[in-house]
Amino acid sequence: MRITIFKRAFAVFIFLSSGFVFAQSKSDRELILIDKDWRFSFGHLYDTDKDFGHATGYFSYLTKTGFGDGPAAKDFDDRAWRKLDLPHDWAVEQPFSESGSFSHGFKTAGKGFPEKSIGWYRKKINIPETDKSKIISLKFDGVFRNSKVFFNGYYLGTEESGYNGFEYDVTAYVNYNGENAIVVRADASMEEGWFYEGAGIYRHVYLQKTNPVHVATNGTYVTSEIKDNNTEIKAEVTIENKGNYKGSVEIIQTIFDASNKKIATSSENVAVPEFYKTANFTSNLKVKNPVLWDIDAPNLYRLETQLKQNGKIIDSYETSFGIRTIKFDAEKGFFLNGKPLKLKGTNNHQDHAGIGTALPDELQYYRIQKLKEMGSNAYRCSHHPPTPELLYACDKLGMLVIDETRLMGINDYHLNDLERMMKRDRNHPSIFCWSVGNEEWNIEGNIVGERITTTMQDFAKSIDPTRPVTVGISSGFKSGISSVVEIMGYNYLGNGDIDAHRNEFKQQPGMGTEEGSTFTTRGIYFTDDAKHYKSAYDQKPRPTFYSIEEGWKFYTERPYLAGMFIWTGFDYRGEPTPYGWPSVTSYFGMMDVCGFPKDNVFYLKSWWGNQPVLHIMPHWNWSGMEGKEIDVWVQSNCDEVELFLNKKSLGKKKMELNSHLEWKVKYTPGNLEAIGYKNGKKVLTETQKTTGKAENIKLTVDKENVAKGNVSVITVEVTDNNGLHVPTANDEIAFSIKGGKILGVGNGDPTSLENDQFIDALSLVNITDLKEQKGTIATLPQQLSNYAENDWKTAFKDRDYKNQAPSYIYKGEFELKDSPNANIISFFYKKIGVETAVFINGNKVEPSVEDAQKYILNSVILKQGKNTIHIAATPLQKVKDWDVMNTDPGIIQIITSAKPWKRQLFNGYAQIIIQKDENAKEVVLSASAKGVKTGTIVVK
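Residue numbers (mature numbering (1 follows the signal peptide of the UniProt record, and there is no 0)): -23 to -1, 1 to 917.
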């Protein structure tokens, strides 16, 4: 078992060579990443035979402790299952189908596909004898969804939501100095959201070891109050006692600054809580002249909480936090550190091109950095708790966050989810607001919504009184939730009269929690409904909705509105509004699913950012349209812009605040040039050039936006003979890689039905119709005899285990649907005898060197259709009368090698995400296409 040990009580967001934080443990606490080397197989939603017989035993896992059966059993043979690393999303691996879910991007997984709705995961780990005095637990950041977890056959529990982190104590079930089996059954047949959610263990998994007396999970809470040049820090810690210790411990709280300098410390002796109880203790510390966390200078501090028992450190728990102030004002909007700040936000779901929801940590950083690059300063988690790594990226990069729970309600299901989210996330300085709901149309405007909101809001305040609460509301802004929510969340200004609501509730701050929902396709400038492409020009998407420019003008012109959150920053799978099949992604994003910018990005960059911007749309490759008028827009924050076509001026125009400029230009090939002026001086020049045909493949690694790690994002494009990007290119690019692996490919085309991933296909075929005959001697045959057909009887039926024959010969069948020549076919034998000889279609086969119970079958002895297997074996003997003997001879594994990785360019671009092998010094990626020169890039 490969393990990675690091501290992640708060999980400092630093990427090293492996992409994770490493730290030497100073105490009994260890947090071990166990993402590597899992086994995976599909089960079945309702066919128990196809679900490996799970939950069919006389005693099931719910009737008697330790009776996990099928794959949940400790000694289940999973050798034939697929081997993979986490995080893993099995939905993204599936093809598309019109019968798939509209919401989830028409992938053939989940509801409607019972054979692809259940996923089983198994992993074996060793735990040494030296850990006997520790509390051992499993920590999951998220499994989609309805997961059941087993440990050594013992049922641990069920987590219904796919967005909650959860933890199970396995101390009582550990097999020390031996093998331990972790088993997860994920059921993704039901959707939680109306957007792509993936399937499986798509977030990290950890093994945690602590002293019985330790800081509880998410057991610190740091708040600050700034007074003059000093900050008073309250550090609350929750101590848990899972042992019989009845003495006292010393709590030592130490604050370190960004340079790891100790700047404050405190200590006190406290009595530990009673057995299986918790107790809270608060330390007061002072930080002089604090460096504040801000969106442009996201300074972080670190709190180290140590527990000492009899002079020995028994636990060490770290918490990252920032010192900053937040305030909403009903008249003046939002303030960060006492300064007014207009919120320039986006909503986002959690999937990415090529990899679905199973994002490597580096991709979280990449996506937040792309939003920052656009000028965005705020992010709304739509509509569920995010993966922890996203929040670490926001802390580190300076992105404000609305953290949102999944479902409104007042019972344990709803409030427990809210509490877990808040206690996990409340130390993140990036979070400035909690959201307890979104577009709950059934209750938004009535007394039920008012009651639920009041309860959830007050409940949230009891956990964290330092941040306000909001709800995104879209069915009118007059009553119900709107009347009681602390921060009014307006979803779409066309859904009600915002000014009228504000005039009625003048003490209630507000912000646009969703705005836009515009339809655009990157690189498309003429709407083509037949092809499901929308023009990239910023337009009203529907009569009652507004363009991005209209929305931003509305919010920026009203000081009482704190800002707005655009729907969405990135396109995402599912919700392909206004179309349906074969569109498989949304059209709402400012960027596509890869993070390639649409033209609206440059409008936002002009008015959200601080740097000069000059951008011309569209491109200038319009062969066949000579002489026809083209709408030319310029996005800029310059005072004036002059446009030239082939050096002839088309006029200079003044730029209005928060606007753009337009020209009508008759197309002539050549150069379309814009010059931007500020204070009468030329400051920027931008050109769109008519290019030649594609000649070369260009590969570029995004080093600026991806944190240092093993994962890299590569942009793929073609250039003409002069090195110019060809914006109309749609070449199909094939890829090969050395020193690493490809995680996924994408291109941003909302109608692309190409594979996201190219992985070996694995299928399992059962041995059927197993029969037996008795042997007269214990010596096994080296070749098959002619066995009388009338002597075969059902194998193991009515077997007298006290009076067995010296040997048995078994005969079974298995079906190969395809020709065996193109596949790797193996027989994984499950022991039904002491000594064994195996024959396939009459030919004796030998076990592999790596595994004495695995037989790799030569295609020469196999045939398409029905194949026969004979197993000669000396019998196993029962030790005890109640021993249950194995009667399953094994399973046939068929591996069909994946096709080469490839992706078609879409309007000039594609993206490939690669991961360097752990021991490799570099990755070499090559890309080739018909009629152009091959491109190669080396990533160190």
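Derived by calculation from the structure, the hints in this document are not laboratory data. Since we're looking at a predicted model, the values are computed, not measured. We treat Cβ as the ideally placed atom computed from N, Cα and C, and that holds for glycine. Hints may contain errors.
Stated by the list, open to error - Taking lysine-lysine pairs in the DSBU-like style, the calculated list, with each CA pair at most 35 Å apart, reads:
1) Lys530 with Lys349
2) Lys101 with Lys774
3) Lys530 with Lys51
4) Lys211 with Lys116
5) Lys779 with Lys373
As the list claims (entries may be wrong) - With beta-carbon atoms standing in for the labels, derived distance ranges:
6) Gly669 with Glu639: 26 to 32 Å
7) Arg428 with Lys685: 47 to 53 Å
8) Lys685 with Lys876: 31 to 37 Å
Here's how the hints hold up against the structure:
1. Lys530 with Lys349: The given pair, whose Cα atoms are some 20 Å apart, holds under the 35 Å limit.
2. Lys101 with Lys774: 33 Å, holds
3. Lys530 with Lys51: The hint is violated at about 61 Å.
4. Lys211 with Lys116: 27 Å, holds
5. Lys779 with Lys373: 69 Å, violated
6. Gly669 with Glu639: 26 to 32 Å: The hinted range 26 to 32 Å holds for Gly669 and Glu639, with Cβ atoms some 29 Å apart.
7. Arg428 with Lys685: 47 to 53 Å: About 49 Å separates the Cβ atoms of Arg428 and Lys685, which means 47 to 53 Å holds.
8. Lys685 with Lys876: 31 to 37 Å: Check passed, 32 Å falls within 31 to 37 Å.
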